[in-house]
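There are 2 protein chains.
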Amino acid sequence: MNDVARRAGVGVGTVSRVVNHSSSVTPETRARVEHAIDELGFRRNEIARSLRPGQAPKTIGMVAGDLTNPFYATVVKGAIAAAARQGYAVVIAMADEDPEAERLAIRGLLARGVAGLLLVPDKGDHGYMDQRGEGMGVPTVMVDRPASGVTRDVVLFDNEAAGRIATEHLLMHGHTRIGVLVAPSHYTTGWRLRGFRNAMRGAGQRVDDALVLRLREGSSQSAEEGCRRLLARADAPSALFTTTSFLTLGALRAMRSVPVHPALVGFDDFPYAELLPTPITVVAGDAEDLGWTAATRLLRRIEEHDLPVARLMLPVTLRERGSGEAAPSVDLATTR
Amino acid sequence: MNDVARRAGVGVGTVSRVVNHSSSVTPETRARVEHAIDELGFRRNEIARSLRPGQAPKTIGMVAGDLTNPFYATVVKGAIAAAARQGYAVVIAMADEDPEAERLAIRGLLARGVAGLLLVPDKGDHGYMDQRGEGMGVPTVMVDRPASGVTRDVVLFDNEAAGRIATEHLLMHGHTRIGVLVAPSHYTTGWRLRGFRNAMRGAGQRVDDALVLRLREGSSQSAEEGCRRLLARADAPSALFTTTSFLTLGALRAMRSVPVHPALVGFDDFPYAELLPTPITVVAGDAEDLGWTAATRLLRRIEEHDLPVARLMLPVTLRERGSGEAAPSVDLATTR
Chain A
264 MNDVARRAGV
274 GVGTVSRVVN
284 HSSSVTPETR
294 ARVEHAIDEL
304 GFRRNEIARS
314 LRPGQAPKTI
324 GMVAGDLTNP
334 FYATVVKGAI
344 AAAARQGYAV
354 VIAMADEDPE
364 AERLAIRGLL
374 ARGVAGLLLV
384 PDKGDHGYMD
394 QRGEGMGVPT
404 VMVDRPASGV
414 TRDVVLFDNE
424 AAGRIATEHL
434 LMHGHTRIGV
444 LVAPSHYTTG
454 WRLRGFRNAM
464 RGAGQRVDDA
474 LVLRLREGSS
484 QSAEEGCRRL
494 LARADAPSAL
504 FTTTSFLTLG
514 ALRAMRSVPV
524 HPALVGFDDF
534 PYAELLPTPI
544 TVVAGDAEDL
554 GWTAATRLLR
564 RIEEHDLPVA
574 RLMLPVTLRE
584 RGSGEAAPSV
594 DLATTR
Chain B
264 MNDVARRAGV
274 GVGTVSRVVN
284 HSSSVTPETR
294 ARVEHAIDEL
304 GFRRNEIARS
314 LRPGQAPKTI
324 GMVAGDLTNP
334 FYATVVKGAI
344 AAAARQGYAV
354 VIAMADEDPE
364 AERLAIRGLL
374 ARGVAGLLLV
384 PDKGDHGYMD
394 QRGEGMGVPT
404 VMVDRPASGV
414 TRDVVLFDNE
424 AAGRIATEHL
434 LMHGHTRIGV
444 LVAPSHYTTG
454 WRLRGFRNAM
464 RGAGQRVDDA
474 LVLRLREGSS
484 QSAEEGCRRL
494 LARADAPSAL
504 FTTTSFLTLG
514 ALRAMRSVPV
524 HPALVGFDDF
534 PYAELLPTPI
544 TVVAGDAEDL
554 GWTAATRLLR
564 RIEEHDLPVA
574 RLMLPVTLRE
584 RGSGEAAPSV
594 DLATTR
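The listed protein sequences derive, respectively, from chains A and B.
Take 264 as the starting number for the first sequence in this note's numbering and just add one per residue.
Take 264 as the starting number for the second sequence in this note's numbering and just add one per residue.
These are calculated hints, taken from the structure and not from any lab test.
One should not assume that every hint holds.
Below, in silico cross-link-like pairs of lysine-lysine (DSS-like), each with a Cα-Cα straight-line distance of 30 Å or less [unchecked claim]:
#, chain 1, residue 1, chain 2, residue 2
1, A, K386, B, K321
2, A, K386, B, K386
3, B, K386, A, K321
With beta-carbon atoms standing in for the labels, derived distance ranges [as the list claims (entries may be wrong)]:
#, chain 1, residue 1, chain 2, residue 2, range
4, B, R477, A, R464, 54 to 60 Å
5, B, Y391, A, L367, 36 to 42 Å
6, B, M435, A, R563, 56 to 62 Å
7, A, Q349, B, Y391, 23 to 29 Å
8, B, G274, A, V275, 25 to 31 Å
Note that the Cβ used here is the ideal one computed from N, Cα and C, for glycine as well.
Build out the structure end to end from the sequences listed, making use of the hints.
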């Protein structure tokens, strides 16, 4: 700003008038200022901004999981769309379920002066966020699950209902030996498992813990290996409930190696679910709405710091497509 | 900064020493300064930053397409990972193939003072980027395709080879009546189509233009409708080449309504390609590498403004899985 004025041999006020397209500047002066701006390589927007220090550019930060998981990509899309509506940009950082990476990502975003944070929290303790320089006082909304150790707004799906709906659906089709693939002890998959147990108990069914597979990793590969072991048992389950879409993919891969396919209900939808050999029945919420609702809550909290902390729960629905509607002992492999 | 000093009743230098963990501050003074910081709701990082005005936070902007397209999500993932390696954060804006939205997104990013831009450009003219305040002089790398009207670095796949490889593969399996689904006149799909024509010409085959379907929209739905018309023809093609993964999805949906499925080679891979009734053969490049390479080039250009403009072309490969290896007239629907 001062550099431009100095270079053009005019006052700062004149530069301001040129940048703001004021008519009270002679063409010669305008040309000289614009030339100075060119030479200094400034962008007009930056200058306009420096003239109005009260109007900082509005940016929020978001720490999300692996974007190649369509779930996270869709949540991010919803958040960006909601933020853009109110003039906010979104800086995206990926932590991918590593607590230290997450903490560094948060620090990096705070150092960039974001007005607020959207965080898909890792399962680790987030007590550090109540320390100075680590997120304290920064408006924050947790996405998909609460963070342990801190109290913040959270927007999430009704995961207990998801597990219950999936299980009741399989029970209704005659399945009582239901295998469950559970991703590493996350809050969300824990509640989905609880929904499974509640539905089984409600139907007077015993849960065979040998069929509840707690995976050490949330990858498709880990699910494929685990599921293959499950299906190789003499008393293999007649149906599966997979608690994330990556696990659904792994289970589908494992099922290629057995002649009789179990029924399957997955949690979370995915683009090609309808086109698989047997289209996949899922229980899912609207991931774009999750991101949208979280960003909208954050922008409101940025303006009203003293809003009470909220827990916003979005519904899930069953999408029947075929894989979850087969009775036990029917040989799916030969009927498709 | 001054506010903290005033509130704590100390000098600015003392605040600086507290924030930077200098040992030359008494515990009492430290407590007073920290209390003032708490009260004022500052974040330590912001203060640390204001103390070192030369070290601006490093951020690049990226304008990408719809993140629910796994291709864009994967490109963004690669870009974020490469940027993070060098201490840069990425602000993501979505333009979704709307020229005006793209221009606004670029302006918004520039107003936030990003050090450089990654842009998946719309097909419209980008001459405006050579105007002051619209991107002039800001280090920019185009991703996936060049932008018309401006000269910038571009990182892209070898799209002509993609079309050629897909077509030669179908020709090799005996197909000469090949239907092509082409997304709206983008640079990339145009080159893929050119590759198709070159392969046909190379094999001495005539192209039936009635089988080259230029869609008005790039959506799966538009592809499904178009493909259904194509397959209903008396002289329907025995094979299809779909030039994007959204079009592949639409073609697969359309194929459910016909008894005899054409062979299919798609451009671009997708997570469930292996699990479909007939696993899908695709020609694809590494989307994560595309994002990674573009961000790496941008960071280099940020440091060396006078690098010559480069065109970095990444290879594509054929992934044979079944859908592209059937001969004409074999009834795929009954053999799967």
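Each hint, compared with the structure:
no., hint, in the structure
1, A/K386 <-> B/K321, "29 Å, holds"
2, A/K386 <-> B/K386, "43 Å, violated"
3, B/K386 <-> A/K321, "29 Å, holds"
4, B/R477 <-> A/R464: 54 to 60 Å, "58 Å, holds"
5, B/Y391 <-> A/L367: 36 to 42 Å, "37 Å, holds"
6, B/M435 <-> A/R563: 56 to 62 Å, "59 Å, holds"
7, A/Q349 <-> B/Y391: 23 to 29 Å, "25 Å, holds"
8, B/G274 <-> A/V275: 25 to 31 Å, "29 Å, holds"
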